[in-house]
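With chain Z held as given, fit chain V onto it using these hints.
Top to bottom, those sequences are chains Z and V.
Quick note on numbering: the first sequence equals residues 1 to 341 in the working numbering.
Quick note on numbering: the second sequence equals residues 1 to 341 in the working numbering.
Just so you know, these hints were derived from the structure itself, not from any lab.
Glycine included, every Cβ here is placed at the ideal spot set by N, Cα and C.
Between beta-carbon pairs, the in silico distance windows are:
| # | chain 1 | residue 1 | chain 2 | residue 2 | range |
| --- | --- | --- | --- | --- | --- |
| 1 | Z | Phe12 | V | Asp321 | 49 to 59 Å |
| 2 | Z | Arg168 | V | Pro320 | 21 to 31 Å |
| 3 | V | Thr338 | Z | Gly149 | 38 to 48 Å |
| 4 | V | Glu295 | Z | Glu86 | 40 to 50 Å |
| 5 | Z | Arg58 | V | Thr152 | 29 to 39 Å |
| 6 | V | Glu88 | Z | Asp41 | 29 to 39 Å |
| 7 | V | Val91 | Z | His110 | 43 to 53 Å |
| 8 | Z | Gly149 | V | Ser231 | 47 to 57 Å |
Take a look, some chain Z residues computed to stay more than 12 Å from chain V by CB distance:
| # | residue |
| --- | --- |
| 9 | Arg59 |
| 10 | Phe84 |
| 11 | Pro94 |
| 12 | Ala113 |
| 13 | Ala114 |
| 14 | Glu129 |
| 15 | Ala178 |
| 16 | Arg219 |
| 17 | Gly224 |
| 18 | Gln273 |
2 protein chains.
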Amino acid sequence: MLVRVLDGHQAFPPPIWMMRQAGRYLPEYRTLRQKAGGFLDLCYTPELATEATLQPIRRYGFDAAILFSDILVVPDALGQSVRFAEGEGPVLEPLSLDRLDDLDPTVVGHKLAAVIEAVGMIRAALPDETALLGFCGAPWTVATYMIAGRGTPDQGPARKAALLDPERFARLIDVLVAASIDYLIRQLDAGADAVQVFDTWAGVLDAAEFERWVIAPMRAIVQGVRAKRPSARFIGFPKGGFGFAERYVAQTGVNAIGLDWTVPLDVVRDSLQPQVAVQGTLDPMRVVVGGRALEQGIDAILETLGAGRLIFNLGHGITPDADPAHVATMVARVRAATATG
Amino acid sequence: MLVRVLDGHQAFPPPIWMMRQAGRYLPEYRTLRQKAGGFLDLCYTPELATEATLQPIRRYGFDAAILFSDILVVPDALGQSVRFAEGEGPVLEPLSLDRLDDLDPTVVGHKLAAVIEAVGMIRAALPDETALLGFCGAPWTVATYMIAGRGTPDQGPARKAALLDPERFARLIDVLVAASIDYLIRQLDAGADAVQVFDTWAGVLDAAEFERWVIAPMRAIVQGVRAKRPSARFIGFPKGGFGFAERYVAQTGVNAIGLDWTVPLDVVRDSLQPQVAVQGTLDPMRVVVGGRALEQGIDAILETLGAGRLIFNLGHGITPDADPAHVATMVARVRAATATG
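So that you can see chain Z by itself, here it is in the shape it has in the complex (with noise of 0.2 Å):
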């Protein structure tokens, strides 16, 4: 159903699913998380990130499974070795800009054949009904993570080296565009139904800058992407970017754009689902909180966008304090909707 929707179909109630639905509010991931040692054993053991990726549907049912995987994989790839410190996030050695040379696009598919594997077990695993979805960081937002070495408030580090010197910035960009094009066709090949391009840190760009780091590495990945595989679908989700959502659409191809919890969604029925399918927008934290401020949130989305083309998910991954019964709710909640949008 979530394809179909990909494919220019409306449906409802919507297909959901969930950003980080594998995760650590689930009591099953944080027992499989202990067995698997460091998270990047859990990412590149296929049998354990199947099993990661299996979990949510099995609880949930929901009509769409991701690979469960990190966007750090692909710099870990090109050498730029990642390590996911406990309570701290993700942790790289700052990339210079004086080192491009060391990095090799064409090694990350081949490196990372753990994960495409992984992608082929979850599928053959998978109901019939179920989509897949693959993804990777976009490469703006996978930049702000090799230069700064970590996530920060603002992703300051890499703004800045992209306003100091452009030139070098956008062979840095152009490294990651050729991977990811690469990576994501591994996964398609593997049975992946699409591909999702998480762009977590688009909102810190002003106009000119999110035009050049995040539209048009977009546009070239999926026009890469598509050269070999016509039939690709995408969902783009530049967090934070709605003021350049509907210029981001109509430039990158997509199929689908996310969209985070802060939008105006009578604006977004109105300007974007005439032209794309849109996904999300549900605060997490109403996830947290449940009760009538879930239900609240839950109704909004379904009444505003429901007689469009609508993927429901949050706006963001879950948070590890979500009461896994409170997903319940939410699940019920969506497939219960009769069609008054």
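Chain V alone, transformed into the frame defined by chain Z:
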């Protein structure tokens, strides 16, 4: 000239000032700050607050001075004591919504007498042609600090409190609305030509919450002040809330809206400028970087927004790592601009 733009006229080159123009990027500020002792001592000593306010005016001749103070003097006056830890930002004892009865908005204006005295001293010292801006934090943003006790990546504690217990959260907002009205009236009476209301954390709310905690309180403040001072001029700055900017302007009655740097300039020109004066929108990182990045950023704003009602400013406060020489370059370039927009 800034006042004329707030009153509905267009000016080119536009008036210019900078958020946080009295701040750590200036050596003379760092000297003053050291002499003062604590940050709040600087805010609460009228002679020192006056000196801090005037420093950037002497150096750059900005079209507006803004009272040197902090948005957290209001919770401090309400009895929730605030301290500024070096390199950490503000720290407050987190407020429980059980203890709202301890907060008395009627004492705020009186307790902040030293700040009001500074307003009068600054107005007396400023050239006539330099506008003086007073300010306060918007209720939502001040509440996020009161609840969390500090800044957090997405002010989750206040978002959670507002969803869990909206009735009590509304009482906190009401206290802050009442305190803000009294405080802003005193600033206007002491000589402020206009007041800016900073909603730095407006951008973390979904549509329903933005309406309730950003727009409605701002409308109440504007109406409450104008009920007693009908000609009061307001600049509203709902940072990160671009998707709601049109309704914010229409529903609050502000004279100008402050915009951060992540906005589509052509949409601002076409949909906002016909309704209201706009203030911003230069990425503060362009002032840090200088050179071509700074020139291009300035020129894009002047070319796209220069033909409408514009107050040139940064999209957020100038950062401590900015070179004062870059600020001089910026002022000169804006003032040398000829109308091509």
